[in-house]
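K.L.:
Protein chains in written order, with this note's numbering: chain A, 14 to 126; chain B, 14 to 126; chain C, 14 to 126; chain D, 14 to 126.
Treat each hint with caution, since some may be false.
Remember, identical chains collapse to one label, so a pair may be satisfied in a single copy or spanning two.
In silico SDA-like cross-links for lysine to any residue, where the CA-CA straight-line distance does not exceed 25 Å [what the hints assert, rightly or not]: (1) K126 to S49; (2) K75 to R108; (3) K90 to G114; (4) K90 to V77; (5) K119 to I80; (6) K75 to G102; (7) K75 to T103; (8) K124 to L76; (9) K126 to E59; (10) K75 to Q61; (11) K90 to E125; (12) K119 to H82; (13) K90 to Y115; (14) K119 to Y84; (15) K124 to E65; (16) K119 to R108; (17) K75 to P62; (18) K126 to S66; (19) K126 to E65; (20) K119 to T52; (21) K124 to E78; (22) K124 to Q61; (23) K126 to E68; (24) K124 to S66; (25) K90 to T52; (26) K124 to T85; (27) K90 to P44; (28) K119 to N60; (29) K126 to E99; (30) K90 to E121.
None of these hints come from the bench; they were simulated from the model.
4 protein chains.
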Amino acid sequence: MEPTTRDSACFEAGIKFGALYHQFAGTPVSPDSAASLETAIEESIENQPFCESVEVEILTDKLVEEIDHGYTELTGKFLEVEIVVEQEGTEVVTRMAMEDGYPLMKVESVKEK
Amino acid sequence: MEPTTRDSACFEAGIKFGALYHQFAGTPVSPDSAASLETAIEESIENQPFCESVEVEILTDKLVEEIDHGYTELTGKFLEVEIVVEQEGTEVVTRMAMEDGYPLMKVESVKEK
Amino acid sequence: MEPTTRDSACFEAGIKFGALYHQFAGTPVSPDSAASLETAIEESIENQPFCESVEVEILTDKLVEEIDHGYTELTGKFLEVEIVVEQEGTEVVTRMAMEDGYPLMKVESVKEK
Amino acid sequence: MEPTTRDSACFEAGIKFGALYHQFAGTPVSPDSAASLETAIEESIENQPFCESVEVEILTDKLVEEIDHGYTELTGKFLEVEIVVEQEGTEVVTRMAMEDGYPLMKVESVKEK
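Please build the complete structure, drawing on both the sequences and the hints.
P.N.:
So this is what it looks like as structure tokens:
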């Protein structure tokens, strides 16, 4: 019943995903401003505890396709994200991408060293 | 290396916490509007997958103490939260409260049925 | 060139709209949780200076139409909002609704008493 | 009673400020990640209609002073912002800085061409 380090590492990875998504969803974004937003998202979330790396790709092709007024609001359908957390030797790799019309976040692998 | 249901349930609990915090941090709040905000936070996060229950307490005493201009922005020091996730028979209880000046989120217990 | 009270009142009304939209866009919402979210949005934004009233309607019919997984993220297409600001005797009425696929915010009237 | 272009330009400037503040308040930030966040905020808000320029300064000296755990959440006390809006020949210059412990947003000048 006591949580393990592995439980905690998975929980921490989830926090990063929830934070990333709900902090930045709704941000005005265009193909031209996508690169600076990717960098800012990565660097801001990497500040959080146990966060090894964050890789964000904003799908500019999809932006171009869907934009009517020069820009739109960032939402899951324009995002692919990988976040790696390491806590006391346990590494958790997590990923977000669209699946069945929904931005699915999932654990890809857990490695206990 | 393959993630287990338990890993996934802990990850899901983390997502709810990150979402809750980064969606609602910054919301204008006063002692009078705290109750409606608590309810809205609980009901909105409970929409998310596997989320059994969300209990939010906004610390109105602390709000009264610190407010200068009739209201302030919601932040971790005014919040206590418990979130319970259940995924395929695994129940994860998680909690957020201030610890050492920082809004600490942690796993309290994991029960595999 | 010096700003007038009227300029300031219009500016204040804009602040409330930008705040409302970017604070709450992305919030998980379902037909069942829409009412508590409406109330929380109204009461939180009414805390801000010079804000006389905020009326929020979340379009639950539209939610029902578009929801696939039990809930969705709040965005402009599900929202109608009226905000009234009063500053030193100048009243500004502003409104947001969808127009041409875009959540248009505009000044409806300005009354100088 | 009908709103003028000048009213609308002031309202638009307010929208940008409310959007900027409530989109990005709460973002994890450290002295090292401040520069990328400044750029992303500027470029994202400049996407919005009638927005001529956005200049954001995150006060890294103040961050260094107040940070305990390597990073903190972005809030008004770490921000100085200037936003210029132009709508149909009317230019509105607006600014945010701390005043009396509160992040005050105000109209600096309105120029009708």
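K.L.:
All the hints need checking, so say for each whether the structure fits it.
P.N.:
Against the structure, the hints come out as follows:
no. : hint         : verdict
1   : K126 to S49  : neither (35 Å within a copy, 33 Å between copies)
2   : K75 to R108  : within (19 Å within a copy, 31 Å between copies)
3   : K90 to G114  : both (8 Å within a copy, 18 Å between copies)
4   : K90 to V77   : both (13 Å within a copy, 20 Å between copies)
5   : K119 to I80  : between (28 Å within a copy, 22 Å between copies)
6   : K75 to G102  : neither (38 Å within a copy, 34 Å between copies)
7   : K75 to T103  : neither (35 Å within a copy, 35 Å between copies)
8   : K124 to L76  : neither (35 Å within a copy, 35 Å between copies)
9   : K126 to E59  : within (22 Å within a copy, 35 Å between copies)
10  : K75 to Q61   : between (29 Å within a copy, 19 Å between copies)
11  : K90 to E125  : neither (32 Å within a copy, 34 Å between copies)
12  : K119 to H82  : between (33 Å within a copy, 17 Å between copies)
13  : K90 to Y115  : both (8 Å within a copy, 18 Å between copies)
14  : K119 to Y84  : between (29 Å within a copy, 19 Å between copies)
15  : K124 to E65  : within (14 Å within a copy, 28 Å between copies)
16  : K119 to R108 : both (6 Å within a copy, 21 Å between copies)
17  : K75 to P62   : between (32 Å within a copy, 21 Å between copies)
18  : K126 to S66  : within (18 Å within a copy, 34 Å between copies)
19  : K126 to E65  : within (15 Å within a copy, 32 Å between copies)
20  : K119 to T52  : within (22 Å within a copy, 28 Å between copies)
21  : K124 to E78  : neither (39 Å within a copy, 37 Å between copies)
22  : K124 to Q61  : within (20 Å within a copy, 27 Å between copies)
23  : K126 to E68  : within (23 Å within a copy, 35 Å between copies)
24  : K124 to S66  : within (15 Å within a copy, 30 Å between copies)
25  : K90 to T52   : both (18 Å within a copy, 23 Å between copies)
26  : K124 to T85  : neither (38 Å within a copy, 29 Å between copies)
27  : K90 to P44   : both (14 Å within a copy, 22 Å between copies)
28  : K119 to N60  : both (21 Å within a copy, 18 Å between copies)
29  : K126 to E99  : within (10 Å within a copy, 28 Å between copies)
30  : K90 to E121  : within (20 Å within a copy, 33 Å between copies)
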